[in-house]
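*Asks:* Protein chains in written order, with the numbering used here: chain A, 1 to 481; chain B, 1 to 254.
Among the clues, some could well be false.
[As the list claims (entries may be wrong)] Computed cross-link-like contacts, DSBU-like style, restricted to lysine-lysine with a CA-CA straight-line distance of at most 35 Å:
#1 K265(A) <-> K108(B)
#2 K100(B) <-> K399(A)
#3 K167(A) <-> K265(A)
#4 K108(B) <-> K277(A)
#5 K226(B) <-> K425(A)
#6 K381(A) <-> K352(A)
[What the hints assert, rightly or not] Sample of chain B residues facing chain A (criterion: CB under 7 Å; computed from the structure):
#7 A48
#8 R50
#9 V54
#10 A76
#11 Q77
#12 L82
#13 V88
#14 I90
#15 P91
#16 A105
#17 V106
#18 E150
#19 L176
#20 N209
I should point out that these hints are in silico values taken from the structure, not numbers from a laboratory. The beta-carbon is built from N, C-alpha and C at its ideal position, and this holds for glycine as well.
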Amino acid sequence: MSESMQTLEEHTRSDYKYGFTSNIESDVIPKGLSEDVVRLISQKKNEPEWLTEWRLAAYRHWLGMTEPKWPNVHYPPIDYQDIIYYAAPKKKEQLKSLDEVDPELLETFNKLGIPLDEQKLLAGVAVDAVLDSVSVKTTYKEKLSELGIIFSSFSEAVREHPELIRKYLGSVVPPTDNYFAALNSAVFSDGSFVYIPKGVRCPMELSTYFRINERNTGQFERTLIVAEEGSYVSYLEGCTAPMRDENQLHAAVVELYALDEATIKYSTVQNWYPGDKEGKGGIYNFVTKRGLCAGRNSKITWTQVETGSAITWKYPSCVLRGDNSVGEFYSVAVTNNYQQADTGTKMVHLGKNTRSTIISKGISAGFSNNSYRGLVKVGKKAENAHNFSQCDSLLMGDKCGAHTFPYLEVENKTARVEHEATTSKIGEDQLFYLMQRGLSEEDAVNMIVNGYCKEVFNELPMEFAVEAQKLLAISLEGSVG
Amino acid sequence: MLIIKDLKVSVEEKEILQGINLEVKPGEVHAIMGPNGSGKSTLANVLAGREEYVATSGSVLYQGENLLEKEVDERAQAGIFLAFQYPVEIPGVSTANFLKSTVNAVRKAQGKEELNAVQMLRLMRDKIKMVGMDEKLLQRSLNEGFSGGEKKRSEMLQMALLEPRLAILDETDSGLDIDALRIVADAVNQLRSADRSFIIVTHYQRLLNYIVPDYVHVLYKGRIVKSGDKSLAMQLEEQGYDWIKEEADSVASL
Ligand SMILES: Nc1ncnc2c1ncn2[C@@H]1O[C@H](COP(=O)(O)OP(=O)(O)OP(=O)(O)O)[C@@H](O)[C@H]1O
Ligand SMILES: [Mg+2]
Numbered sequence: 001m002s003e004s005m006q007t008l009e010e011h012t013r014s015d016y017k018y019g020f021t022s023n024i025e026s027d028v029i030p031k032g033l034s035e036d037v038v039r040l041i042s043q044k045k046n047e048p049e050w051l052t053e054w055r056l057a058a059y060r061h062w063l064g065m066t067e068p069k070w071p072n073v074h075y076p077p078i079d080y081q082d083i084i085y086y087a088a089p090k091k092k093e094q095l096k097s098l099d100e101v102d103p104e105l106l107e108t109f110n111k112l113g114i115p116l117d118e119q120k121l122l123a124g125v126a127v128d129a130v131l132d133s134v135s136v137k138t139t140y141k142e143k144l145s146e147l148g149i150i151f152s153s154f155s156e157a158v159r160e161h162p163e164l165i166r167k168y169l170g171s172v173v174p175p176t177d178n179y180f181a182a183l184n185s186a187v188f189s190d191g192s193f194v195y196i197p198k199g200v201r202c203p204m205e206l207s208t209y210f211r212i213n214e215r216n217t218g219q220f221e222r223t224l225i226v227a228e229e230g231s232y233v234s235y236l237e238g239c240t241a242p243m244r245d246e247n248q249l250h251a252a253v254v255e256l257y258a259l260d261e262a263t264i265k266y267s268t269v270q271n272w273y274p275g276d277k278e279g280k281g282g283i284y285n286f287v288t289k290r291g292l293c294a295g296r297n298s299k300i301t302w303t304q305v306e307t308g309s310a311i312t313w314k315y316p317s318c319v320l321r322g323d324n325s326v327g328e329f330y331s332v333a334v335t336n337n338y339q340q341a342d343t344g345t346k347m348v349h350l351g352k353n354t355r356s357t358i359i360s361k362g363i364s365a366g367f368s369n370n371s372y373r374g375l376v377k378v379g380k381k382a383e384n385a386h387n388f389s390q391c392d393s394l395l396m397g398d399k400c401g402a403h404t405f406p407y408l409e410v411e412n413k414t415a416r417v418e419h420e421a422t423t424s425k426i427g428e429d430q431l432f433y434l435m436q437r438g439l440s441e442e443d444a445v446n447m448i449v450n451g452y453c454k455e456v457f458n459e460l461p462m463e464f465a466v467e468a469q470k471l472l473a474i475s476l477e478g479s480v481g
Numbered sequence: 001m002l003i004i005k006d007l008k009v010s011v012e013e014k015e016i017l018q019g020i021n022l023e024v025k026p027g028e029v030h031a032i033m034g035p036n037g038s039g040k041s042t043l044a045n046v047l048a049g050r051e052e053y054v055a056t057s058g059s060v061l062y063q064g065e066n067l068l069e070k071e072v073d074e075r076a077q078a079g080i081f082l083a084f085q086y087p088v089e090i091p092g093v094s095t096a097n098f099l100k101s102t103v104n105a106v107r108k109a110q111g112k113e114e115l116n117a118v119q120m121l122r123l124m125r126d127k128i129k130m131v132g133m134d135e136k137l138l139q140r141s142l143n144e145g146f147s148g149g150e151k152k153r154s155e156m157l158q159m160a161l162l163e164p165r166l167a168i169l170d171e172t173d174s175g176l177d178i179d180a181l182r183i184v185a186d187a188v189n190q191l192r193s194a195d196r197s198f199i200i201v202t203h204y205q206r207l208l209n210y211i212v213p214d215y216v217h218v219l220y221k222g223r224i225v226k227s228g229d230k231s232l233a234m235q236l237e238e239q240g241y242d243w244i245k246e247e248a249d250s251v252a253s254l
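Given only the sequences and the hints, what does the whole structure look like? Please build it.
*Replies:* Here it is in structure tokens:
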């Protein structure tokens with residue numbers, strides 16, 4: 001191995017900047033899972049009877065399921081009785097203003113660069129902050145509600161808009177969909193709910209910030225976004241967790257529902273704690289994300305930048321049911337040290353003239369393993385469906401792996417499906433060129449990697465793109481100075 | 001400025017440079033000529049610090065310091081610039097962004113203040129004119145899909161922006177049309193100064209009509225076998241390398 005590859009490898013041994021823990025008083029239930037625990041969670045959240053039953057049905061179904069073994073990832077068996085399914089920062093009954101929020105908690109989000117004080121917020125971004133199992137604060141709510149937009153924590157939505165929740169909950173990802181979705185349906189604690197009324201263009205980015213703080217807890221949040229006819233919303237999701245030696249499970253469900261002419265843009269910057277350099281600890285990120293383009297001319301775009309987690313297992317997907325609907329998936333997945341990622345998308349074409357685009361950029365460093373897994377399915381009635389997929393892998397060093405698993409199921413002869421894939425190593429000659437112009441090795445690597453991810457970053461809202469670039473630099477940065 | 005003493009260089013265990021001696025003083029222009037595969041690019045690369053090119057013996061002093069122990073970026077920051085024979089493409093990195101980063105990286109390393117966006121734009125406009133480059137290239141990915149001539153002009157633009165102390169041009173004239181050749185030569189001539197030196201690798205005497213060198217060296221089989229002034233280049237143009245090869249080979253076989 002050449003010397004510059006060695007330093008490259010050192011570069012890619014990064015330090016996690018969000019690994020601190022906060023001393024926040026919590027209301028924690030005992031470890032373990034049973035019908036009683038499911039009931040207890042539902043009760044803690046004062047949920048209506050139907051929702052308790054919905055959870056229990058999911059739980060009973062889950063009991064009969066087995067954990068999927070097909071992803072290209074490896075981990076010791078998870079003991080589901082060794083997980084805490086509910087942890088909430090202790091607080092007064094109802095928060096009236098920010099003054100009532102635990103200062104330690106505000107400080108936690110400040111440290112993460114997510115000030116919850118509206119005066120200090122970036123103009124144009126409304127934030128829902130979720131710590132462990134509950135939402136602690138949603139900003140800009142009043143302003144949004146003037147337009148009829150609902151942006152609240154999931155629990156609050158259950159209380160205040162039960163009819164909407166009942167109508168849409170599980171309509172895109174049924175509780176029986178898969179092992180982790182069923183588990184989530186049984187024990188989900190909080191998350192965000194967004195409803196954009198007919199014809200409304202949401203004037204700001206909506207954003208949820210997820211943070212795991214408690215030890216031994218799992219995080220099981222649910223996000224539901226409903227965009228009525230002709231509406232538009234752009235939604236951002238960010239996440240971090242403290243550094244701990246044990247693995248922690250994060251099994252979220254995200255459902256997007258787009259009606260006629262509606263557009264939903266969903267962007268994720270996932271930076272859960274990835275574990276240490278030896279692969280100890282880190283988050284298991286087993287997530288089900290799906291969008292339904294239910295209406296004509298509707299559009300759903302998933303953009304994800306995945307840098308964190310010990311294991312990532314997720315396939316943000318689009319079901320293109322409405323005629324002329326459009327699904328897009330733009331992804332950057334970075335794995336380093338001993339991280340494993342099996343991620344990609346499913347594009348299910350059901351309506352006529354439906355179009356989908358998949359741009360996936362994998363970056364593997366260290367001893368990591370990075371797989372793209374994607375399904376393009378064209379149903380019998382999907383006349384003139386069109387898919388374009390491009391899956392690129394970039395390898396840094398020679399101890400990491402990159403894999404591509406594209407699946408195709410086409411039942412309509414008029415479909416056009418194009419797939420391109422490349423695998424490349426970060427070029428010594430590119431590094432030499434940039435360094436010959438005076439850039440440090442680290443800056444040169446970042447420049448090359450950012451260039452490689454450009455198509456995806458272009459899809460992110462401005463502030464998020466900058467954030468993503470920084471994150472990428474951190475993920476690949478090393479102790480070499 | 002630069003003193004090379006008995007420098008031997010290997011690539012993948014194969015000795016390519018077999019003892020180079022060369023001194024370049026401030027303000028001088030040295031032309032290096034020689035048949036294909038004689039080691040010209042190797043010399044350029046080893047000076048710039050390319051890793052595969054391993055100096056097995058000899059020494060290189062640059063501004064009084066041991067050049068060979070410096071990293072690639074340190075050399076660049078100390079004023080060594082290599083215009084590449086084959087500039088690489090870097091997808092997704094806009095030329096403008098790249099130029100800004102390099103100019104400021106070098107300025108910072110030299111203890112100068114970094115340029116702000118406005119100053120940078122002014123500087124770029126200025127230098128772009130000097131090398132006759134199309135401003136639109138700034139928005140494109142670095143070197144990606146650039147024509148041969150565009151790549152070479154972009155190299156000259158970078159040289160003009162970075163203001164090196166020692167510029168090494170590896171066949172910058174190859175593949176250029178007559179007009180482009182003049183522009184490259186003009187750029188070099190404008191940058192010529194008492195404290196800036198050039199090593200110009202070329203196959204053609206034509207370039208040396210525009211950039212008049214102080215010395216011309218002929219590299220053959222990893223050695224400088226002949227040195228002279230610009231008249232040597234003319235002689236080579238007329239007679240080819242055979243006479244030099246014969247001379248050198250007969251000396252070697254003694
Ligand atoms: N990376 C490398 N690996 C193996 N051999 C190399 C490498 N670089 C150069 N060489 C060999 O070293 C010798 C000199 O090459 P070099 O590129 O320095 O020649 P040159 O004088 O620049 O030739 P040209 O006029 O064709 O550009 C050649 O035989 C070449 O094949
Ligand atoms: Mg050459």
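*Asks:* Measuring from the C-beta of V54(B) to each C-beta in chain A, is the shortest one below 7 Å?
*Replies:* Violated. Min distance 11 Å.
*Asks:* Can you confirm whether the C-alpha distance between K167(A) and K265(A) stays at or below 35 Å?
*Replies:* Answer holds: K167(A) to K265(A) is near 22 Å, not above 35 Å.
*Asks:* Tell me if L82(B) is really an interface residue toward chain A, meaning its C-beta lies closer than 7 Å to one of theirs.
*Replies:* It holds, given that the least Cβ distance between L82(B) and chain A is near 5 Å, below 7 Å.
*Asks:* So, V106(B) near chain A? Judge it on the closest CB pair being under 7 Å.
*Replies:* holds, 4 Å
*Asks:* Holds or violated: is there a CB of chain A closer than 7 Å to the CB of A48(B)?
*Replies:* Since the shortest Cβ distance to chain A is 5 Å, the answer is holds.
*Asks:* Taking the closest Cβ pair, is R50(B) under 7 Å from chain A?
*Replies:* Holds - the Cβ of R50(B) comes within 7 Å of chain A, reaching about 6 Å at its closest.
*Asks:* Min Cβ distance, E150(B) to chain A: is it shorter than 7 Å?
*Replies:* At 16 Å from the nearest chain A Cβ, E150(B) fails the 7 Å test, so the hint is violated.
*Asks:* Need the status of pair K265(A), K108(B): alpha-carbon distance at most 35 Å?
*Replies:* Violated: K265(A) and K108(B) sit about 40 Å apart, past 35 Å.
*Asks:* With chain A as the partner, please determine if A105(B) meets the hint condition of a C-beta pair closer than 7 Å.
*Replies:* Hint holds; A105(B) Cβ to chain A Cβ min 4 Å, cut 7 Å.
*Asks:* Would you check the hint for K108(B) and K277(A), treating anything up to 35 Å between C-alpha atoms as holding?
*Replies:* Cα-Cα ~32 Å, so holds.
*Asks:* Hint Q77(B) vs chain A: min CB-CB distance below 7 Å?
*Replies:* holds, 5 Å
*Asks:* Starting from K100(B), check that the Cα of K399(A) is at most 35 Å away, please.
*Replies:* holds, 34 Å
Hint compliance for this structure: hints 1, 5, 9, 18, 19 and 20 are not met, and every other hint is.
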